[in-house]
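**Student:** Here is what each chain is made of, one letter per residue.
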Amino acid sequence: MMTEPLVVFDNVVKRFSDFEAVKRMNFEIREGEFLAFMGPSGCGKTTTLRMLAGLERPSEGDIRLAGKSLVDVKPHERDTPMVWQSLALFPFLNARENVEFGLKMRGIDKEKRRRKALDWLERLGIGEFAERDVNSLSGGQRQRVALARALVTEPRILLLDEPLSALDAHLVIRMQGVLTKLQRELGITFVYVTHSQSEAFAMADRVVIMSKGEIAQIGSAREIYRTPANRFVAEFVGRNNIISGKAVSRSEVVTAAGTLRLADELAPSSDVTFVVAADRFGISTTAPTTGNVIAAQLISEEFVGAMVTLFLEAAGGMELKVQIQERSLGEFSRDPGQPLFLTFDPAHAHVLKG
Amino acid sequence: MKDDLLLRWILRSYTALVFLFVFAPIVASLVFSFNSDRFPTIPLGSFTTGWYVKAFSNPEVWDAALRSLVVSSVTAILSTAIGFSAAYTDYRYNFTGKTAFVVLALLPPTIPLIIFALAMLGWLSMFNASGMTVSIIIAHTVLCAPFAMAVIRLRLNQMDPNLEPAAWNLGASEWVTMKSVVIPFTLPSIIASLCLTAAVSFDEFAVAWFVSGLNKTIPVVILEILTGNIDPQVNAIGTAVFLVSITLVVIAQMLVMGRAKKPETT
Amino acid sequence: MTSREATKSDHYAIAWRLPLIVWQGLFFVGPLLFMVAMSFFLVKNYRMEAASQFTNWSRLLSKDFFWDAYFFTLFLAILATIITSVVAFPASYFLAFKASDGARRWAIFFLIIPFFTSYLVRIFAWQVILAQQGVINAGLSFLGLGPWQMLNTQFGTIVGYLVLCLPLAVILQTFSLASIDKRLVEAAHNLGCGRLRTVFTVVVPLAKTGLVVAAVFCFILCFGDFVSPYYLGGSKPPTLSILIIDTSKSGQQWPRAAVVAITMIVTLLAVALAAIGFAYKKRST
Chain A
432 MMTEPLVVFD
442 NVVKRFSDFE
452 AVKRMNFEIR
462 EGEFLAFMGP
472 SGCGKTTTLR
482 MLAGLERPSE
492 GDIRLAGKSL
502 VDVKPHERDT
512 PMVWQSLALF
522 PFLNARENVE
532 FGLKMRGIDK
542 EKRRRKALDW
552 LERLGIGEFA
562 ERDVNSLSGG
572 QRQRVALARA
582 LVTEPRILLL
592 DEPLSALDAH
602 LVIRMQGVLT
612 KLQRELGITF
622 VYVTHSQSEA
632 FAMADRVVIM
642 SKGEIAQIGS
652 AREIYRTPAN
662 RFVAEFVGRN
672 NIISGKAVSR
682 SEVVTAAGTL
692 RLADELAPSS
702 DVTFVVAADR
712 FGISTTAPTT
722 GNVIAAQLIS
732 EEFVGAMVTL
742 FLEAAGGMEL
752 KVQIQERSLG
762 EFSRDPGQPL
772 FLTFDPAHAH
782 VLKG
Chain B
504 MKDDLLLRWI
514 LRSYTALVFL
524 FVFAPIVASL
534 VFSFNSDRFP
544 TIPLGSFTTG
554 WYVKAFSNPE
564 VWDAALRSLV
574 VSSVTAILST
584 AIGFSAAYTD
594 YRYNFTGKTA
604 FVVLALLPPT
614 IPLIIFALAM
624 LGWLSMFNAS
634 GMTVSIIIAH
644 TVLCAPFAMA
654 VIRLRLNQMD
664 PNLEPAAWNL
674 GASEWVTMKS
684 VVIPFTLPSI
694 IASLCLTAAV
704 SFDEFAVAWF
714 VSGLNKTIPV
724 VILEILTGNI
734 DPQVNAIGTA
744 VFLVSITLVV
754 IAQMLVMGRA
764 KKPETT
Chain C
17 MTSREATKSD
27 HYAIAWRLPL
37 IVWQGLFFVG
47 PLLFMVAMSF
57 FLVKNYRMEA
67 ASQFTNWSRL
77 LSKDFFWDAY
87 FFTLFLAILA
97 TIITSVVAFP
107 ASYFLAFKAS
117 DGARRWAIFF
127 LIIPFFTSYL
137 VRIFAWQVIL
147 AQQGVINAGL
157 SFLGLGPWQM
167 LNTQFGTIVG
177 YLVLCLPLAV
187 ILQTFSLASI
197 DKRLVEAAHN
207 LGCGRLRTVF
217 TVVVPLAKTG
227 LVVAAVFCFI
237 LCFGDFVSPY
247 YLGGSKPPTL
257 SILIIDTSKS
267 GQQWPRAAVV
277 AITMIVTLLA
287 VALAAIGFAY
297 KKRST
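Protein chains in written order, with my numbering: chain A, 432 to 785; chain B, 504 to 769; chain C, 17 to 301.
In short, the hints are calculated from the structure, not lab data.
Bear in mind the structure is a predicted one, so any value in this text is a computation, not a measurement.
Take these hints with a grain of salt, some might be off.
[What the hints assert, rightly or not] With a straight-line Cα cutoff of 30 Å, these simulated DSS-like cross-link-like pairs (lysine-lysine) come out:
1) A:K677 <-> A:K505
2) C:K114 <-> C:K252
3) A:K752 <-> A:K784
4) A:K505 <-> B:K557
5) B:K601 <-> C:K297
6) A:K505 <-> B:K601
7) C:K224 <-> B:K601
8) C:K198 <-> C:K79
9) C:K297 <-> C:K79
10) B:K601 <-> A:K535
11) B:K601 <-> A:K543
12) A:K612 <-> A:K535
13) A:K677 <-> A:K784
14) A:K541 <-> B:K682
15) B:K682 <-> A:K547
16) A:K499 <-> A:K547
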């Protein structure tokens with residue numbers, strides 16, 4: 432018999448009075464994976480996490496953890512510790528006492544829980560702050576206390592609700608490293624909610640993109656980036672060019688910027704929308720004679736270190752962005768209005784369904 | 504600019520006058536309580552502690568003082584407990600009738616005391632429950648609970664709404680969370696509320712006068728002395744009463760303000 | 017966010033809701049409703065009997081002394097409210113705009129103290145200060161003036177009302193003034209609006225709600241107070257609150273006192289509603 436995945440969402444619906452926050456959700460979380468929920472605010476990602484922790488009760492459907500239904504299990508009877516966006520550290524307890532809280536609730540004796548709490552604080556590199564008032568710690572240190580508090584009971588699954596959103600940019604990168612390393616070492620399941628694409632893509636094995644209470648796509652960062660399931664995902668990911676046109680044959684599309692050839696099988700005379708990732712374009716100042724070519728004019732450019740993003744406009748007002756390594760970019764005038772030619776391999780165009 | 508300074512100076516002096524008006528009677532009763540004249544005037548008479556000796560050798564005053572102490576302590580505990588439960592309910596829950604609940608919680612101070620006193624007297628008499636020490640406690644608890652609620656609600660405002668869920672999430676049931684998270688968090692406001700409600704109860708005279716019967720509290724004794732004639736004993740008793748209430752109110756304020764100054768960021 | 021759906025079987029939620037409902041239901045709503053019923057009771061041989069007669073209402077409302085007391089009380093309370101608001105305003109203005117944050121905090125700290133300390137003793141102190149041979153008249157006689165009769169006059173009552181309300185009025189006014197966006201005041205100055213004119217055309221309208229709330233509280237306190245009109249005003253003529261005491265304490269006529277009390281509550285309700293309507297009325301200009 433096949434063993435069931437660690438967590439199963441089975442036709443889960445969550446309604447708040449007249450608002451449907453989560454619409455019939457079906458998905459699984461595998462043991463030991465790092466799963467991220469991502470989407471704009473109000474998409475239902477936090478509600479999903481809160482249902483897993485028992486803070487919201489599903490209006491319909493079932494949630495199973497290790498084969499057992501969670502629906503009627505009270506939050507304090509579940510072993511689904513969470514790291515909160517606000518951290519929710521207990522301000523009247525010091526760092527060590529905060530970490531001990533979960534152990535105390537499990538009736539573990541004083542000496543043992545003290546030792547375990549100190550071990551965890553040590554492991555997260557803040558052992559020296561164990562007896563400090565949590566309000567006197569820095570953001571990064573408090574973050575680690577919150578992590579230690581959630582992990583000290585050695586759960587099979589850890590929930591994280593936008594835990595890095597309050598940190599400075601450089602600390603976010605550092606904490607990302609801490610989190611991925613921890614997850615690998617412990618081998619436990621992390622369920623991570625975020626609105627930040629860079630956090631989700633940098634850490635997660637699989638990403639769930641949500642929109643208006645529904646799952647838009649589940650897949651690895653690469654899959655979501657290269658082959659977005661629909662227009663919402665393509666736009667949300669942000670580094671895609673979305674081009675629309677009409678199929679004139681099984682492989683050709685007429686767009687505002689000319690006829691382009693795609694690798695996918697097309698239904699003749701249907702409307703076609705496809706995406707080309709910004710980093711899939713070639714660029715030159717002279718018109719190539721073969722392949723897909725789009726003539727465009729430079730609008731502006733933007734440097735981020737070694738990468739440069741060019742913003743262009745093609746015929747029919749079509750806006751395009753191209754991301755390319757600065758050193759592989761040829762010599763040409765960067766003045767607005769400079770004519771350029773973009774090329775792309777038909778295999779790199781991904782046709783959107785619906 | 505000269506205009507500005509002048510205006511500021513005038514306003515400051517005016518404000519000082521307002522404070523003088525507010526605190527003059529407190530200072531006056533302190534001064535008069537050590538003044539030998541029966542009808543204090545300027546220039547003052549000689550220094551005496553006679554009024555204190557006279558007041559505190561009166562067994563009726565001691566009896567009333569003891570009763571006031573009992574009434575205000577029990578009232579403080581009861582009204583703080585009720586105020587806490589109301590503040591917590593308001594903080595945590597939304598339910599049909601919530602507005603009515605909050606109005607019920609905050610309405611008592613808007614009813615003139617004399618009216619509430621009459622209503623309470625009629626109601627308690629119907630159950631043969633007026634004229635006892637416990638009658639005063641019952642009525643004072645009604646009057647003090649809103650103050651307790653306000654003070655504790657203010658503190659709950661500073662509590663991260665995720666603090667309780669965080670405790671549940673770590674394995675604490677709702678009752679355990681109440682004991683190990685909510686009460687420790689609100690403790691300063693609970694103590695402040697105990698002090699404040701004790702002070703209110705200690706000074707309340709209208710309702711106590713109506714429902715106490717022969718079981719007088721200190722303010723009721725003062726009221727009855729006043730009804731007679733000008734008697735500087737009142738200054739002596741009053742100064743003692745001021746000391747008690749001011750101490751309680753200052754402790755309460757220190758606790759509330761001390762926390763307000765360094766808001767906890769969790 | 018934390019409020020999970022409270023089901024009927026949520027003992028925890030119910031447990032926290034009950035104490036207030038039970039206590040205030042039994043000992044606040046109960047007595048007030050009973051008082052309404054009591055106003056229809058009859059007194060025979062100094063004993064109250066349950067009844068549903070309009071006798072108390074018709075007797076009292078047809079008496080001139082009742083209406084004299086009613087309008088006198090209303091007049092005094094309105095006068096005291098206006099005087100308190102006007103006297104408090106410059107001090108509140110200073111605390112809100114000219115004082116430092118620290119000074120303002122300390123001022124509020126001190127102004128809360130009298131609110132929780134014996135009003136009776138403070139009124140007694142004023143009795144001594146205002147008396148014919150009191151401190152003020154002694155001071156006046158040095159200047160060759162007086163003595164002035166201050167005790168047992170309406171002036172005395174108003175002083176008492178000020179003792180009662182002034183601290184609260186300053187606190188509430190200061191809060192409402194301090195919450196005004198200071199840039200609007202600066203903008204008015206910048207546009208050439210004179211200082212005093214700015215106060216009346218910009219500051220007062222912006223703080224209107226808070227100022228009205230402060231005034232309503234003053235009115236409620238003064239309208240129901242019996243200590244000042246009795247001990248400083250000499251009960252000449254009596255106010256409604258003194259009428260309640262006289263009829264209930266000495267005359268044992270609780271039902272008639274209840275009638276007075278209910279007319280007071282109705283009046284307070286009407287004033288409070290009118291004031292709230294005024295405070296939140298959208299400005300037509």
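**Student:** Hint by hint, work out which the structure violates, then give me just those numbers in ascending order.
**Tutor:** Violated hints (numbers, rising): 1, 2, 4, 8, 9, 10 and 11; every other hint is consistent with the structure.
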